[in-house]
Every structure is written in C-alpha cells, then in structure tokens.
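Top line first, the protein sequences correspond to chains H and G. For the first sequence, position 135 (counting from the first letter as 1) is numbered 135 according to the numbering used here, and the numbering increases by one without interruption. For the second sequence, position 473 (counting from the first letter as 1) is numbered 473 according to the numbering used here, and the numbering increases by one without interruption.
Wrong hints could be hidden among the right ones.
Interface residues of chain H toward chain G, partial, derived using beta-carbon atoms under 8 Å [said to hold, decoys possible]:
(1) Leu72
(2) Trp103
(3) Thr118
(4) Ser186
(5) His228
(6) Leu348
No farther apart than 30 Å at their CA atoms in a straight line, the calculated lysine-lysine pairs in the DSSO-like style are these [to be verified]:
(7) H:Lys83 / G:Lys513
(8) G:Lys441 / H:Lys83
(9) G:Lys553 / H:Lys83
Derived by calculation from the structure, the hints in this document are not laboratory data. Every residue gets a Cβ at the ideal spot worked out from N, C-alpha and C, and that includes glycine.
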Amino acid sequence: MREHGARAIRLVSLPLLCFAAVSAAPIAWADGPQSSPSIFAPASTPASSIQDLSWFVLAITGGIFVTVGGLLAWAIFRYRARKTDDDSEPAQIYGSTQVELAWTVIPILIVVVLFLTTARIIFAIQDAPKPQVALDVTVVGHQFWWEFRYPKLGIVTANELHVPVSSALEPRPTFLHLLSADVDHSFWVPQLAGKTDLIPNHPNDMWIDPRHTGLYVGQCAQFCGVEHAKMLLRVYVDTPEEFDTWVKQQRQPGMQDSSVAAGRHIFETEACTNCHTIAGTAATGTFGPNLTHLESRATIAAGAALNTTENLHAWIQDPDHFKPGALMPAMQLSGEQIDELVAYLTTLH
Amino acid sequence: MADQTLPIAGSLDVTPQRLSRAQVLEWLHGWVVTVDHKRLGILYVVYGIIFLLVAGAEAMAIRIQLAWPGMHFLSPELYNEMFTMHGTTMVFLVGMTILFGFANYLVPLMIGARDMAFPRLNAFSFWMTAFGGLLIYYSFIGGFGLYGMGAAPDVGWWAYAPLTARAFSPGHATDYWALALIVAGFGTLGTAINIIATALSMRCRGMSLLRMPLFVWLMLVTSALTLITITPLTAAQIMLLIDRYLGGHFFDTQAGGSAVVWMHFFWIFGHPEVYVLVMPAFGIANEIIPVFSRKAIFGYPAMVAASVGIAFVSMGVWAHHMFTVGMTSVGNAFFVLSTMLVGIPTGIKIFNWVATIWGGKIRFATPMLFCLGFLFQFLIAGLTGIMLSVAPWNWQLHNSYFVIAHFHYVLVGAIVFNIFAGIYYWYPKVTGRMLSETLGKWHFWLFLIGFHITFDTMHFVGFLGMPRSIYTYEPDRGWNHLNFIISIGGMIQGIAVLIFAWNLVQSYFRGRKAGNDPWDAWTLEWSTPSPPPAYNFATDPVVHSRRPLWDLKHPEDPDWKYEA
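From just these sequences and the hints, can you work out the full model?
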C-alpha cells in the first residue's frame, strides 16, 4: 500500500506546488525579453485587487483541499483490506444526522464569507467612478485586429495601444469603451485588468490605471474565427512626457516625401484605399488598420510579425505567409511595385 | 458466497453456439431491430467508445499542434475544426451516449423490471442519436466552414453568434452542427422520458422510491434535468437556422439581433448539461464505492436530497459563463452566489463518500481505483470551480487554459474516470467475463499519471495568460515548456485508452468467467446470470430494503431492520 501513501503526499502537496510554480514561473520560463503576461504580476489596480482576492480564495480552497483530501487519503490508507482480515463484513453504518448537519453548516458559512468578499471587489472594480482626468479610448474589435480611437484627441491607430502611466499622486486612468465591428472578441491584458468582451450591438466598458511604464502584452480571448490566435495586443504605458510626444506625432497627417511619390501613387490607385486610411491622402478606407503612422508601430498584422521592410514586403505579397486566413487579400503587385510601396510605407512615421 | 443460487432465478440462455453466414446476418439483423434494453444499452456504450477513440484522436492532433510554438502540424482552419469537433463529440456523442447506455442497461435490472417502459421509443432514441453522430461527421465530407476554408464545424462547441451567421460562416458546416445536434437531441429527449417513466412506474414490489439504488435516483434526476436543458438548445439551434436561411434576426447582429441572447440560450442549456453528464457519474460511484468498501452508502437520504438540490440550483447558475460579457454588478453578484451554493450539496456528496469509505475494508480492484481517483479529482475540480465562481478572478481566468483545466478535471477526472470504473464493474455482468485486472491496473495508473501531467499543468499556463482556442502561440510568452509537458501527458493518456480498448476486446474472448456476482455486490442486477437473459427476471423479485442481496446474504442482519 505504499503507493497510496505516496499518492496522498503528492496530492496534498499540490497546492504548495501551485504557489511555488506560479510565483517562479514568470522568471523560470521566460524565453525572450518580455516576461509572461501572468495574472500574478499585476501592474494596475483592477489586476492587483483581483490578485489580492485570488490569494484569499486560494488560501480558503487550499485549506479545504488539505483537510478533505487529507481525510480521504487517511481513510483510504487506514481502512484498506489486509491479508490478515477475516471474511466478515465491517460494521454497517447508515448515516448520522449530527455529522451530516455539521458538514452542511460549515460549507454554508464558507460560502457566505467568500460571497461577501467577492461582491465587494466586483463593485469596487465594476462601479468605480470615472475621474475627470481619465483618458478615453474606444476599442473596436475586428477580425483579426484592434482599432483604437481617442475621440477627444482625434487619434485613430491600430493594435498597439498607448496610455499614460498613472500614480497615486497623479492618477491618470484610461477608460476603454469596447465595441465590435463584426463578431465577439475579448480585450485581455492580464497584467492590467481582467478581460471584457467586445460584442456587436452591446457596448462595454473597462478601465486600467497602469502604475509602471513599459510594454504589456495580451491577446484576444474570445474565439473570433480563423486567425483568433494572431489577434495580439500590445499596450505601451508611457511617461506623461512620452505620451504627450506620441499624441502630438499621431495627430499629424501622413508624411509627404516626394522621393517615395511612386509608392504613394500605387497606394492611392490600387485597392489599398478601399480598406486603409492614410490621413492627408485619398486613402480613407476603414475596414483595415489606419496606416497614417504605421512606422510608429513595432509590429504589423496585429502583432503577427515585426514591422520590418522585409516583413512588410512579404505581408503585402501574401498575407497568408504570416497569418493564413487574414482578411487582407494578396495584392497581386509586381516585386518592383511592392518595393516602391514599402519604401513609401516606411516613411509614415 | 459469490455463485450461490439465489431465489431470484434467470430464464433460458439463448446465445447461439456456432455461426454460419446466415446466422451472422440473423445476428446482425437482431441487433438492428432490437428493442431489448440490454442490447440498446450495449449499442449506446459501444457507439460511445468508438467516438471516444475518434475524439481522443482529435485531442492528440490538438496537442501535437500545441507542443511547440509556431507548429505547422495543423492549419488554423483544421485546428479550429479539431477543437470544435472534439468538444461536440465528447459532450454529445461520448458522454451522453455512454451514460445513457449505462442507464438503459442498468435501470430495469436494478429496479427488478423486465425492460424499459417504452421499448420502441428506446430503439428510436438510440438510432436518432446514432444518426445525429453520423450526420455531424459527414460534414467532414459535405460542408464548408468559416470564411475561406474548412469542412467540419469550426465555430467552437459553444458556437457563439454572430460567428455562426452566414456572413462569417458561409457553407454548411454550421448547419451540420445545428441539425445533427437537433437530431441527436430528440434521441436524448426520448431516452430521458423513457428513464423517468421506467423509474417511476416499473419498480418491482417493495421497491419504494427511497429504496431505489442511488444510480437509478441519479438517472431519474438527470433525465428530468435533460428534459429541461436540451429544449433551449434545440430552440436556439432552430432560431439559428431560421436566421441563416429564412431571414430571421434573432442572433444576426448586423440586422440588429443579439449575440448575448445566444449566450443565454446556450448556457441555460450548457451549464445544466455539465450536471446531466456528471450526475450519472456520481451514480456509478454511489454503486461502486460502497461495494468495494464493504459498507452501505453513508447518508442515503442526504445523497438523494443533494442530487435533487444540485439539479435545482444548477438551473440558476448559467450566467457564470458570462461574467465577461458586461452584465451589471448586481447581476454578476447574483450568479456568484448561486454558483457558490452548488458547492454545498456537492460538498455533502463528497463528505458522504469519505464517510462510506471510513471504517470499511477497501478492496483495490480496478473499478475502485478509478472511483478513488475520481474522488480526489472531483474535490480539486470543485475547488477550482469555486475559484472560477469568484467573478473578478473569473475576469482573469475565463477563456484561459485554467478553465480548460477545470472542466477537463470535471469531464475527464470525474466523468470519464467513473465511466471507466463503471465499465470495469459491469463488464462481467454484460459479457459474462472479467476484464483483465493486470491490463486494468496498467490502464488506471498510466491514465492517472497522464491525466495529472496534462491537466495539472494547464492550470499554470492559464495563470500565465494563455487563452483557449488558439492554434499557436508566441514563443516569448513563457508557455513553451508547459505546453510541451501538457502534450506529453496527453500522449500517455492516449496509450492508456488504447490499452483499455485492447482489454475490452481480448477479455471478451479470453477473460475469466465471471459468474453471477463476481464483486459480492448488493443490488438486483447481480442476482441474474451474466449476461442476463432476455426479460431479465423469470419471476418478479420482491425487495425489502435498499440492498436486497445483502438481506439474502445476511439473513441474520438484514438492512430492513435499520432503514428508517
């Protein structure tokens, strides 16, 4: 019966392993420059209060697991049939009102405690008042990319959200208004907040107040079709100065550079304009991402590839190369035309 | 004790001895036109096991694709088909059919009846379910899916609107999904009605409702719940088809329809569906744990009350699948409370199982091993369920791999473990031969190890922010090693299931003869020969307690002296 004892020990130690693995995982498993988007590495009030709540719930459920799992393991070990047993049956016990009443009342008390704690955090996050200084951003989910509109600043961009850092002294939370252009999506950057869905005809709201500058990654968390997996999210939390500079730059129209006029001509005369906007040109499409400041973004295709000359070339030639099933068609341009087009796009700072 | 002749005798054994071609055809024809509850039960279970292997193969394909970041084993389209079909198959064609198969086979035997209340409805229901399964798999040949490509349904087993609208899902894959499940659903409703009628009106003399074996009680509650839950799904699927072909706007958001209404319909079905699957599994544990602990079940009335309570509360918790869709804070709080309340009757059940083991003489045969695995895993699944019911934490965990881990703990750790336990336990009754204990132990330990490698690890990768339904992932998110480990565990489970399938086949021909009552058990089915003859009982049995065979084996200390 040794294996049962060992199994019991392993099972009892599970919650401990759980704690250890979660705290160590972002360090131990990180392969690249970014750390994991762990829900246990919060950088914003909603994510932090969720983390605090989750430790509390883990402690209670862990306690229940150790108690009940321990009793079960002990019972299995203690009451195993032995070779020395005779053929007789053990004493038959049909129930006990007192014992059954006790193990009904105790769970009820635990539920009351858990519910009240949970309800407090629900109201604290969901019904938080919006301060005057809050930044408004409208997020529109598309198959398979993100549109970010800053209605009060007159900015439209895609896939990489820029928000200012917020602190206790100078709170500057960002309130996100969530819409969808097609199917259901979900906005999830684990270190900043829990997820909220983007549902057509059903506007939602959420907020974040990141306390540390840097890049936070996430992705669409509601299955939205073929390329759901490559609908990635990047949130840049800037210092107030960086954010102001970024805003100033984003409000400019598209760069006009006569040395790439050929590329611009291709962009304006081919199908590109049906879907894309470049402010200051004839291109005013809204089906695809706004490209006015394409070069201010680190990635293309909703994070599926880095924003490099080669990748842009490959993307325009055949979007399926990075993202099979993306809604942008292959543009059927010659290599030369694509070179000229990419040369133009890379001036759009 | 095992083979003593009991007063409840069987009738003639009519199994053919030697097979010519005509006899084989006759035999096949017999299986097709049968209305015998035992044959239909076997058909259900065999059909379920075949689909278990299919859905298992789909899971293996998914795990190979996710073993490394950026794998090209499956295309995105094919991956989406695989996870949609894996989920749909496991829920509708494996879980439902195997558990209803158990009910078909066992309910009449356990209550001392000669057949189900409506034998022809029974056959009709099975064939509806069977054709539903064939129809949905025909979509691999016959349908086209999401924009661009795909042949089988690829919108997820939850099929959220408006992804299922024709604008986003042209072709017929989504139609196959809806139609096949409507067809299978009618079969399910027929069987549910049948089980209710059988349990309520076909019990033998002396078997009052509070003397019914707990398995029958659980099937009665499950069937009542099935009648209530399958209906909204069928209604929603008909509305979806109206949207797609008759210009309806129920869920068509581009014409002002509501995506959220679909979610409500789906989860009003979908959450109780989990209990429809897990309660028969509880029923199996309720039969096996006492026999192998050599004790009566602890707190029988409380177990019945808890089952009814779970069924009742389970109908008011559906929106805990929807904490992220933007309900009001009060709405969220309501569903937090209702969901947590499920924990109370569920807790009572776990405590009663522990108390049943307590003071017993536990025999570690394969059925009991699976049930003990179930107890630990169901405890964990319940606790992760509590974690998910905490709405703010759910905003993080929802649609992450933590959720995948949680519901596989329920669906595999609890339900599949108990299905295996039930098959090891009743196979001797059905075939007359024992399954190999050696292969059974290999199956159990490999499956247990593989299960924990896979699903324990999934909790952590969920904590690290990995969402579900993605066909690949970025290599810099810290998910690589964990996913590789998960895939290894999946392969180990695959091997274990193959051992199980081999055990089923080879024991049928070479297994040890079982006799009537190989486990020294207490319910009526063990008083019949193995396999039981047509019409089960030559004379109607009469019972005086919950454990009629205990009374016969222990005339000096019968149960009816103690039962209230």
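- Where does the structure disagree with the numbered hints, that is, which hint numbers, in rising order? The structure breaks only hint 6.
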